[in-house]
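Undergrad: Fit chain B to the supplied structure of chain A, relying on the hints for placement.
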Amino acid sequence: METEKGKIMVHRIEVGFREGVRDAIGEKTRDRIADNLGIPVVSVRTAEVYTVEGDLSPADLDAAARGPLSDPIIQEFSFDRPLSSDCDWIIEVGFRPGVTDNVGRTAGEALALLYGTPRRKDLRVYTSRKYMLGGSLTRSDAEKIASGILANDLIQRYEIREGRSRDPREGESPYVPKVHIQDDPSVEVIDLDVSDEVLQNISATRVLALTVEEMRGIRGYLKDPAVREERRKAGLGPGITDVELECLAQTWSEHCKHKIFNSLITYEDEKGNREVIDSLFKTCIKGATREIREAMGEKDWCLSVFVDNAGVIRFNDRFNLVFKVETHNSPSALDPYGGALTGIVGVNRDPFGTGKGAKLIFNTDVFCFASPYYDRPLPPRILHPRRIYEGVREGVEHGGNKSGIPTVNGSIVFDDRFLGKPLVYCGTGGIMPARILGEPSHFKEIRPGDLVVMTGGRIGKDGIHGATFSSEELHEDSPVTAVQIGDPITQKKMTDFLLLARDRGLYRAITDNGAGGLSSSVGEMATLSGGCEMDLKKAPLKYPGLKPWEILISEAQERMSLAVPPERIDAFLELAREMDVEATVLGRFTASGKFHVLYGEKTVACIDMEFLHGGVPQMRLEAKWIPPSLEEGEFPEPEDLGAALKTILARLNVCSKESVVRQYDHEVQGGSVLKPLVGARNDGPGDAAVIRPLLDSMEGVVVAHGICPRYGDIDTYHMAAAAIDEAVRNAVSVGGSLDHLAGLDNFCWCDPVESEKTPDGRYKLAQLVRANRALYDYTRILGVPCISGKDSMKNDYIIGDTKISIPPTLLFSVIGRIADVRTAVTMDAKKDGDLVYAVGITKPELGGSEWYACHGIVGKSVPVVDGPRAKALYDALSGAIRAGCVASCHDCSDGGLAVALAETAFAGDLGVEVDLARVPAEGIDREDFLLFSESQSRFVVTVSPARREDFEKAMKGHVFASIGVVTADRKFRVRGVGGKMRIEEGIDDLRKAWQEPLAF
Amino acid sequence: MGKKVKAIVLTGNGVNCEMEMAHACRLAGADTVDIVYTGELLAGGKKLDDYHFLNLPGGFLDGDDLGSAKAGANRFLHGRVREKEERLFDQLLRFIGEGKLVLGVCNGCQLMVKLGLLPAFDGNYGRQEATLTVNDSGRFEDRWVYLRVNPRSPCVFTRGVDRLYLPVRHGEGKFVPMDEAVLDRLEKNGHIVVQYSDRNCREAVMDYPANPNGAIRAIAGICDETGRLFGLMPHPEAFLHYTNHPRWTREALPEEGMGLALFRNAVEFIRGKNG
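Same order as they appear, the protein sequences are chains A and B.
Mapping to numbering that gives the first Met the number 0: the first sequence position 364 is 363, numbers consecutive.
Mapping to numbering that gives the first Met the number 0: the second sequence position 174 is 173, numbers consecutive.
Some clues are possibly wrong.
What the hints assert, rightly or not - DSSO-like cross-link-like pairs, simulated, lysine-lysine; straight-line CA separation at most 30 Å: (1) A:K358 x B:K5; (2) A:K177 x A:K645; (3) A:K859 x A:K756; (4) B:K187 x B:K83; (5) B:K45 x A:K358; (6) A:K859 x A:K870; (7) B:K83 x A:K541; (8) B:K83 x A:K358; (9) A:K623 x A:K256.
Stated by the list, open to error - Every beta carbon over 12 Å from chain A, so not counted as near; a handful from chain B, in silico: (10) N123; (11) R201; (12) R249.
Stated by the list, open to error - Far from chain A by the CB rule (all over 10 Å, computed), these chain B residues: (13) V80; (14) E128; (15) V204.
Rather than coming from a laboratory, the hints here were simulated on the basis of the structure.
From a predicted model like this one, the values you see are computed outputs, not experimental measurements.
We put the CB at the ideal spot given by N, CA and C, even for glycine.
Bound-form chain A, shown alone (with noise of 0.2 Å):
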């Protein structure tokens, strides 16, 4: 069968397990069904469909299904016909055109090389899946099944047929999702002089998520002589073109311009004080990190901070680490895979991009979703959280994985306000020489005169208006375009080159092309020249039909901008075409103070430099901090603690995220020490990630992260300081110290900015007052400087009537440097007879905690970060644990004092014993609260009785007590205030109630 499509000969080739061999993908997807929509179906097979568009002979056909397509042991094939199937329903799914389809990228490469050069042209490999099931199922299960689980409608399609009573041929005429555009570079005018409503108009149909201020602005603009002229002479009339505003809408995106964080704001506190505040970025983070390093003095080991696409500092004299984190929520919202995926890879791109480029070590990953087994009805475009929850871990293990960076770090944190929307928080750590070719390599310089280049993917039309879609909230026109899915291989490929050409200096700066696509990444490298000119028409496409504003804005993935000195360029060509790498060069850097676009011969943006980057007038906006009124709560003591104990663990934010970290890799590249999973069997949760970066060094890099959303319901102060607190103890408690660690912040915030949307965005603003003030405190005390950080604003979800607004929520991360990594410790307990010490004072600080959550209460009790002790004594810990007196350290965070030592103990897999009349408390009349407050800055230690003397010699003037001991009898035991045996579990019984709730 052939079918004729204009003249591109169509075919496919399917490819199924024979009879007989497992399909473990296909038993994984029956279990899915089964488990998240219900459906008892028996049986789903597989089988991977490539349609294959090219003038190709059965001989052809059969070669390639024979030879890369197939793998000739456990698998069949046809072509041109279905393999025949013994099922009820056949969903076959595919993706809709113009989505990134890497799989058929691949096959494309993969028949090209079989077929030899000249045949290469015109070659096109789409491909879908097949799901054969059996079952007893209605069509409209099987409806249900493809749109619950199988595909997802934004950038997928799918076909239902009978399997049993159909015509073979039926159905089968090959669909080919290629984008049809015709080729239209046009560009439009468009009139500014325009009332505000029209401004208003103009600014939410086309995406631009610019207000009616900076409309005008733009209008204002225009209307000067002086630019008037300079655009005649460029050949442009006084209107604004299509390009021109898309170009500025991206760059003063709130995305790309943190807009609110830059804002001037008027903050009033609960006694009515007022005080104006002139950007919260530069007084309180900035700030911050100013004064820190200038008490470092001579000693600052901070190189690039808020400058670059991520902050830099030293690791030691030869080398240099990189560090940032970013979200990635909107897309993730609408596709989690994609979305995840994309934002993995995403981040990968800034430190790879800073300075003269990064090599990638490491990645962390924070999710917060909505409980997986929520179980009320869904409002419209939303996914269940447990579908963004497979879906998201699903797309940073590819991410990840393939790219080759270990995942080392993250947590998942849960909350039914993420509902409508998911954060998805990915970072990446690099490490560089401290010079190339004797140059600093944090660095970034331009000259007039070198080359604009482009590497990596082609554009396409996905991607486009991320960075002003991800400014909005989620609503009923979000863009699909929007959603992108990344390609780790083309990346790596990239990176690879890269890399290759940084050493033999072949470039003299880059940067990624992320939110903004061109325009942002050479519109921010032509500030370090001082303008550029390029021309779009020479950028490479996926597929014809590009209008030149959509080239500049596409946010297609997989690209880096480069300044490459014109002497440099015939090198830097000729190896990417050796690494099998796409590099164009665009245009060049100037000094003509103008971001200068052509297509063609046609210019089609002229815009300042300096109104661009510079023009964007500031907000003003309103905070009024009100303290919520909240009750304490109200509930008895519980008579069995160990049933408590175990309703804890069980809670979703306590419990083991195993099933996901084990689906990352988290030792590629050989330089694990510390990894997510520790203790007896591997399955203890890690504070703290510890990596050697340099296989021939001990030194060692240590990596956490704090978070606690929760808190924030009361203070948001209190919970930026305790996110703050989390990080840094997590640091402490494997070994890290405060004498070389600095800090990421990464807000994500409901819309804050007061409207009929937001009516209470005043007090939303003034949370964010709040946890920046937190921010410039904490890390002034514990001496850790922010080095970078983002800001996602507009995390609220609003359809119809229904408005759903994330709690704020702030990530700190924290990079460090260890000494030796042999010093490291971990948090399981050790050996039966170790002492088992509680350092930190625990205070009735139960607000905001799991235990409260139990009961429904938020409380008013918030933990409180005592800054000057906290700082005191994690030196001393620090101190005893490089001095190798302590055999297990661990955080307590969710589910307190409790929680930290059943950790300890199941992970160890031993017993321990323990007197509550001997935990360092104040205020404390009830056992529950004693187990269960969250105060911030306490650990669990234990310690080899033959160190004891040395471990309380170094912890001497800090809060610490001896409690108990480490038994080898594998009991939890915890003897009450008034000596009564209170708790009594088995540590088996105590794992099974952790492991449990996620294990699938």
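TA: Chain B in isolation, oriented as in the chain A frame:
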């Protein structure tokens, strides 16, 4: 003193364990260790002929998009040096014919098996007799496994090694032979080098997670008849130092990681043979 040992670690197109693999070769005493991109071999700037020990590291060749290492195998079979001269595979066959060593780990092992370099009965390199497919769990997993080492195997790399503890990090590691006859022959002739086992590294096990992927007869790695070609799914280059061990903070361990022995054996074999 033997001849200089030259090792090549092949990378590019999605390979990602080249750094630690090269480090292992250096620690094992190889005199020259070059990390070389497949693109450099195809461009003709580098040749396999200049080396004694070929390392095919783990990773995701072409994303494993067509099944693990499938597109990678296709590149070997159809990619031509300088686009016209010999196939890369011809260079590889010559390398093998000269009695040199090849070690494939994880994706490298998948590549060797799918290229038909393993087990290559009767020296028939290029005929696929087995495969590695999706784990029974249907998922990628990173976990450490105990391995029983077959003392009867001719494998050069495992001489004197009787037990291993290494991580697996794969989604497609389930070893499946073409048929019973292949399996019997693998067994009879000592092709089975390592098997997933109990904690004592004595008994092969079929139970998850000790056998992490459901591999038939718990096979984790096989060699050819000469013992000079060896592919295994677990990662020896991931355990070169005791701090790589997941329980190093609680167990007394020697400085050197267990994986290094395989590379030492390779280097010693080459030195001895060429000395």
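Undergrad: Decide, hint by hint, whether the structure agrees.
TA: Each hint, compared with the structure:
1. With a C-alpha separation of about 26 Å, the suggested pairing of A:K358 with B:K5 holds against the 30 Å cut-off.
2. Restraint check: the Cα-Cα separation between A:K177 and A:K645 comes to about 54 Å, which exceeds 30 Å; the hinted pair is violated.
3. Of the pairs offered as hints, the one joining A:K859 and A:K756 holds, with about 28 Å between alpha carbons and a cut-off of 30 Å not exceeded.
4. Distance hint between B:K187 and B:K83 is unfulfilled; the C-alpha atoms sit about 42 Å from each other, more than 30 Å.
5. Pair hint B:K45 plus A:K358 holds up; C-alpha atoms about 24 Å apart against a cutoff of 30 Å.
6. Taken as a hint, the A:K859 and A:K870 pair is honoured in the structure, with Cα atoms around 25 Å apart against an allowance of 30 Å.
7. Proximity of B:K83 to A:K541 is assessed by CA-CA distance (about 29 Å); at most 30 Å being required, the pair is judged to hold.
8. In summary, the hint linking B:K83 to A:K358 is not supported, as the alpha carbons are separated by about 34 Å, beyond the 30 Å threshold.
9. Among the hinted pairs, A:K623 with A:K256 is consistent with the structure: their alpha-carbon atoms are about 24 Å apart, no more than 30 Å.
10. Every C-beta of chain A lies more than 12 Å from that of B:N123, the closest at about 15 Å, which supports listing it as non-interface.
11. With 12 Å as the threshold on Cβ separation, the claim that B:R201 sits away from chain A holds: the shortest Cβ distance comes to roughly 20 Å.
12. With a least beta-carbon separation of about 5 Å from chain A, B:R249 fails to lie farther than 12 Å from that chain, contradicting its non-interface assignment.
13. The beta carbon of B:V80 is kept farther than 10 Å from every beta carbon of chain A, the shortest such distance being approximately 12 Å.
14. Annotated as non-interface, B:E128 brings its C-beta within 10 Å of a C-beta of chain A; the closest such distance is 8 Å.
15. Non-interface call for B:V204 relative to chain A: holds, since the shortest CB-CB distance, roughly 17 Å, exceeds 10 Å.
Going down the numbered hints, you'll see the structure goes against 2, 4, 8, 12 and 14, while the others check out.
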